[in-house]
Amino acid sequence: MNEKNDSGACGSCGGSCGGDEKIAYEAGNIFQGPYNTYDPEEDIFTEGEIKDGRQHGEYIEYYGMDKKIIRVKGSYSNGLLHGEWLYYEKNGEVIKVDIYNEGRLLETRK
Numbered sequence: 000m001n002e003k004n005d006s007g008a009c010g011s012c013g014g015s016c017g018g019d020e021k022i023a024y025e026a027g028n029i030f031q032g033p034y035n036t037y038d039p040e041e042d043i044f045t046e047g048e049i050k051d052g053r054q055h056g057e058y059i060e061y062y063g064m065d066k067k068i069i070r071v072k073g074s075y076s077n078g079l080l081h082g083e084w085l086y087y088e089k090n091g092e093v094i095k096v097d098i099y100n101e102g103r104l105l106e107t108r109k
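In this text, residue positions in the sequence shown follow numbering that gives the first Met the number 0: the first is 0, and each later residue adds one.
Errors might be hidden in some of the hints.
Ranges between beta-carbon positions, derived for each pair [said to hold, decoys possible]:
id : residue 1 : residue 2 : range
1  : 92        : 28        : 38 to 48 angstroms
2  : 106       : 28        : 34 to 44 angstroms
3  : 96        : 28        : 28 to 38 angstroms
4  : 56        : 108       : 34 to 44 angstroms
5  : 28        : 94        : 15 to 25 angstroms
6  : 69        : 103       : 23 to 33 angstroms
7  : 50        : 85        : 17 to 27 angstroms
8  : 63        : 95        : 12 to 22 angstroms
9  : 105       : 65        : 27 to 37 angstroms
Please keep in mind that the hints were generated in silico from the structure rather than gathered at the bench.
No residue lacks a Cβ here, since even glycine has one placed at the ideal position from N, Cα and C.
Hey, can you work out the whole structure from these sequences and the hints?
Shown next as structure tokens:
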């Protein structure tokens, strides 16, 4: 999913960014700050933060644009998945928890 958001940024990783992937404006400038994307085919809305062109900080995916039901919630550290990532059913039930340390999967709980 590589769509521009309201702030002009391009690209989203949907929970799978590697540390070398950067998100930039079309003009080539490195993006900083909050971003969001929407995938109309799957009806998934995402919110996150960019620092030095990489995802950094909290990341949330929602079922639908109304942002009432969380699909995935986790954090990035310099473009790498870090800490606890929770995956939810539409009814709010946690279906999986992944624990990462700077991009490396340490544990999966179901």
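Now the hints, each set against the structure:
Distance hint for residue 92 and residue 28: a CB-CB separation of about 41 angstroms, consistent with the stated range 38 to 48 angstroms. For residue 106 and residue 28, the hinted distance range of 34 to 44 angstroms is satisfied, since their beta carbons lie about 38 angstroms from each other. Range check, residue 96 to residue 28: Cβ separation about 36 angstroms, and the 28 to 38 angstroms hint holds. A hinted range of 34 to 44 angstroms is violated for the C-beta pair residue 56 and residue 108, which are about 23 angstroms apart.
Checking the proposed 15 to 25 angstroms range against residue 28 and residue 94 shows it is violated: the Cβ atoms sit about 38 angstroms from each other. Taking the beta carbon of each, residue 69 and residue 103 are about 24 angstroms apart, inside 23 to 33 angstroms as hinted. Taking 17 to 27 angstroms as the suggested C-beta distance range, the pair residue 50 and residue 85 conforms, at roughly 22 angstroms. For the pair residue 63 and residue 95, the beta carbons lie near 20 angstroms from each other, so the given range of 12 to 22 angstroms is met.
At roughly 33 angstroms, the beta carbons of residue 105 and residue 65 sit within the given window of 27 to 37 angstroms.
Hints 4, 5 from the list above are not met by this structure, while the remaining hints are.
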